[in-house]
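Engineer: The lines below spell out each chain.
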Amino acid sequence: MLNRNYHLDFERGRFPFRLIFISFALLFMALGFSNGTYWDSAVTPFQLVIFGGVLLVWILVSLIMLRILYGLISSRKIAGGIFVCWLTMTGVALVIYLFLLIYSDFDPERLRQLTRGVLTPTTGRTLVIMVAVFSPFLLWVESVIFANKAALAAMETKTFSNLDFRIRPHFLFNTLNSVAGLISIHPKRAETALYYLADVFRVVMADKRQLVPLKAELDLAEKYLFLEKTRLGERLKISSKIDPKSVGIRVPVLLLQPLLENAVYHGIETRFKGGTITMNIRVIDNELIIKITNPLPEGNIKRESGNKVAQDNLRDRMTKSFGRKSSLDAYQAESSYNVIVRIPL
Amino acid sequence: MKYLIIDDEPIARVRLREMLGRIDPSGYILEAENGEEAMSIYEQEAAEVLLVDIRMPGISGIELAYHLSALDNPPAVIFTTAYNEYALEAFEANAIDYLLKPIQQDRLKRALAKADPITKSQGNALKEGGSRSHIAVNQKGKIKLVPLHQICYFRAENKYVAVRTRDARYLINETLNQLEEDMDDEFIRVHRNALISTRFLEGLEKIDDNRWCVLFQDIDDKLEISRRQTPTIRRWLRNKPI
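For the protein sequence lines, the chains are L and R, in the order given. Per the numbering used here, the first sequence starts with residue 1, numbered consecutively. Per the numbering used here, the second sequence starts with residue 346, numbered consecutively.
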């Protein structure tokens with residue numbers, strides 16, 4: 001929770017004016033609470049040096065921690081989170097000090113007694129200044145130094161959360177409409193359709209980073225195609241050839257469904273008589289090769305957008321899991337549109 | 346009451362038929378799988394109310410409604426749509442009825458109760474939303490839809506505009522300016538009285554010193570082009586994708 005806000009606030013090393021403002025407000029509040037009495041006690045040069053030293057050490061420790069954290073922990077989110085925790089802890093110390101200050105009626109003697117001499121008004125004051133003023137600076141330094149990495153991390157979370165795979169609402173609502181129609185004419189099939197729809201959406205809403213056996217993807221594809229067949233009837237025909245060696249291979253989740261959805265949306269729904277979608281899955285030379293083919297739209301239909309979104313997203317996810325050796329290519333032949341996915345074993 | 350259901354999904358049609366039967370048991374219900382079929386059924390049996398799906402193979406429900414709105418006695422049109430595949434705000438703004446899928450019976454009932462024939466201005470508003478893929482022509486009292494990609498050129502002739510395809514020629518009651526506005530870059534204006542398709546454009550031929558005409562693939566017609574447009578067409582021919 002914490003580090004999500006942290007990333008939002010400090011993306012691209014923007015200077016945190018708001019935080020600085022709040023810290024100064026806190027600082028003045030703390031100073032204001034301490035009524036005149038202990039500002040009278042003069043600070044000796046020795047004390048000043050000590051405070052300065054403590055301050056410097058604290059900043060250095062924080063920065064070194066930052067470096068180590070980012071070096072050790074590959075997840076930017078977690079490293080950033082720990083760093084923010086460290087700053088929060090020092091912040092909590094500040095709150096405790098304020099509490100004690102109020103509890104002791106701003107009496108330096110009572111404060112000293114309460115904390116058995118650990119905390120004096122002067123050490124407490126140092127703490128206030130340190131945390132209130134330098135925490136935002138440290139955060140800012142962190143965000144400047146690691147701006148690129150933070151942006152990268154933000155992008156990583158983005159591509160995996162909201163920007164990624166979108167099932168077409170068109171499919172959802174049309175399917176619901178056919179289920180409503182099926183209830184009276186074919187209740188059994190309506191029931192099955194609802195179960196399958198639930199299954200499809202469960203996967204769509206799950207974590208897109210995981211790898212699953214191809215078998216699971218084929219099951220999902222079958223359920224999805226059942227739903228589309230319910231809608232489109234005879235217009236949708238499927239022909240598939242699947243190498244039995246391939247079913248155990250681990251592939252990114254939602255590999256087939258988006259490609260099949262494109263095939264149906266562009267290649268079947270736009271055609272009066274529909275057509276056949278062929279799915280050919282083979283294992284050749286340590287490579288899983290999936291080819292999905294659909295007929296071209298009929299007439300002079302302008303290409304609707306939406307194809308590229310699903311393809312780009314899938315390509316992205318494959319690169320994250322398999323690196324550059326995986327590929328997704330699409331090409332248009334004389335009367336068909338073909339997508340070829342290659343995944344190294 | 347006569348109804349015509351137009352949807353490419355069989356179950357969607359069954360469902361609408363069922364609901365219509367419950368709302369108006371004495372109604373007469375026709376079905377069509379797509380816009381083209383709907384047009385030909387409508388010519389034979391003019392239904393009073395059309396329930397039109399928007400996304401279908403061939404002409405879209407929107408374009409179908411536009412062509413219908415140009416008729417002398419247009420029917421009432423109620424759109425059915427799964428999602429805002431078309432800007433629903435445009436419907437709202439022009440008081441065009443629509444139902445969202447899954448369709449609910451009481452909504453349908455309400456829509457039927459206030460269904461009025463689609464007006465010309467509603468039709469024009471629909472046209473704004475999407476470009477046209479067909480031209481509706483009147484042929485011996487029947488409406489025929491001519492796909493734009495079959496059209497070689499439009500030419501203004503007296504009060505009408507002639508539409509030339511490879512095999513036929515029709516007259517339509519539209520203006521060249523309006524047509525030019527509706528078409529995308531595939532059609533270019535070569536003269537005050539002509540709008541041609543670049544798809545069929547083959548070359549230029551000299552008539553005399555500084556007058557040229559365009560030649561088309563497959564047909565022998567030659568259209569004179571205005572002096573002002575000559576460079577544009579030359580340029581187009583030079584960059585022509587092969």
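Errors might be hidden in some of the hints.
Stated by the list, open to error - Listed next, the in silico DSS-like pairs over lysine-lysine satisfying Cα-Cα at most 30 Å (straight line):
#	chain 1	residue 1	chain 2	residue 2
1	R	Lys487	L	Lys273
2	L	Lys223	L	Lys320
3	L	Lys320	L	Lys273
4	L	Lys273	R	Lys485
5	R	Lys485	R	Lys459
6	R	Lys454	R	Lys585
7	L	Lys273	R	Lys472
8	L	Lys237	L	Lys308
9	R	Lys504	R	Lys347
10	L	Lys273	R	Lys347
11	L	Lys229	L	Lys208
12	L	Lys237	L	Lys215
13	L	Lys188	R	Lys454
14	L	Lys188	L	Lys237
15	L	Lys291	L	Lys325
16	L	Lys273	R	Lys489
17	L	Lys325	L	Lys229
18	R	Lys472	R	Lys487
19	R	Lys585	L	Lys308
20	L	Lys308	R	Lys454
21	R	Lys504	R	Lys459
22	L	Lys273	L	Lys245
In case anyone wonders, no lab produced these hints; they're calculated from the structure.
Engineer: Are the hints correct? Go through all of them and say.
Structural biologist: Hints, one by one, checked against the model:
Restraint check for Lys487(R) and Lys273(L): satisfied, since their Cα atoms lie roughly 25 Å apart, inside the 30 Å limit. Between Lys223(L) and Lys320(L), the direct Cα distance comes to roughly 27 Å. Compliance with the 30 Å bound is thereby established for this hinted pair. For the hint pairing Lys320(L) with Lys273(L), the CA-to-CA distance comes to about 39 Å; that exceeds 30 Å, so the pair is violated. For the given pair, Lys273(L) sits about 29 Å from Lys485(R) by alpha-carbon distance, which is consistent with the 30 Å threshold.
The suggested pairing of Lys485(R) with Lys459(R) is violated, with an alpha-carbon distance near 33 Å, which exceeds 30 Å. About 54 Å separates the Cα atoms of Lys454(R) and Lys585(R), which puts this hinted pair outside 30 Å; it is violated. Taking the CA atoms of Lys273(L) and Lys472(R), the gap is about 27 Å. The hint holds against a cut of 30 Å. For the suggested pair Lys237(L) and Lys308(L), the alpha carbons sit about 24 Å apart, so the restraint of at most 30 Å is met.
A hinted pair counts as satisfied when its Cα atoms are at most 30 Å apart, and Lys504(R) with Lys347(R) does not qualify at roughly 36 Å. Restraint check: the Cα-Cα separation between Lys273(L) and Lys347(R) comes to about 27 Å, which is no more than 30 Å; the hinted pair holds. Between Lys229(L) and Lys208(L) the alpha-carbon distance is near 26 Å, which keeps this suggested pair within the 30 Å criterion. A hinted pair counts as satisfied when its Cα atoms are at most 30 Å apart, and Lys237(L) with Lys215(L) qualifies at roughly 21 Å.
With a CA separation close to 28 Å, the supplied pair Lys188(L) and Lys454(R) stays within the 30 Å bound. Distance restraint check for Lys188(L) and Lys237(L): the Cα-Cα separation of roughly 22 Å lies within the 30 Å cut-off, and the hinted pair is therefore satisfied. For the hint linking Lys291(L) to Lys325(L), the alpha-carbon distance of about 17 Å falls within 30 Å, and the restraint holds. Between Lys273(L) and Lys489(R), the direct Cα distance comes to roughly 21 Å. Compliance with the 30 Å bound is thereby established for this hinted pair.
A threshold of 30 Å between alpha carbons decides the hint, and for Lys325(L) with Lys229(L) the separation of about 35 Å lies outside it, so the pair is violated. A C-alpha spacing of about 22 Å is found between Lys472(R) and Lys487(R), which places the hinted pair at or below 30 Å, so the restraint holds. Taken as a hint, the Lys585(R) and Lys308(L) pair is honoured in the structure, with Cα atoms around 27 Å apart against an allowance of 30 Å. Among the hinted pairs, Lys308(L) with Lys454(R) is inconsistent with the structure: their alpha-carbon atoms are about 40 Å apart, more than 30 Å.
For the suggested pair Lys504(R) and Lys459(R), the alpha carbons sit about 37 Å apart, so the restraint of at most 30 Å is broken. Of the supplied pair hints, the one linking Lys273(L) and Lys245(L) is violated, its CA atoms being roughly 34 Å apart against a limit of 30 Å.
Against the hints set out earlier in the document, violations occur for numbers 3, 5, 6, 9, 17, 20, 21, 22.
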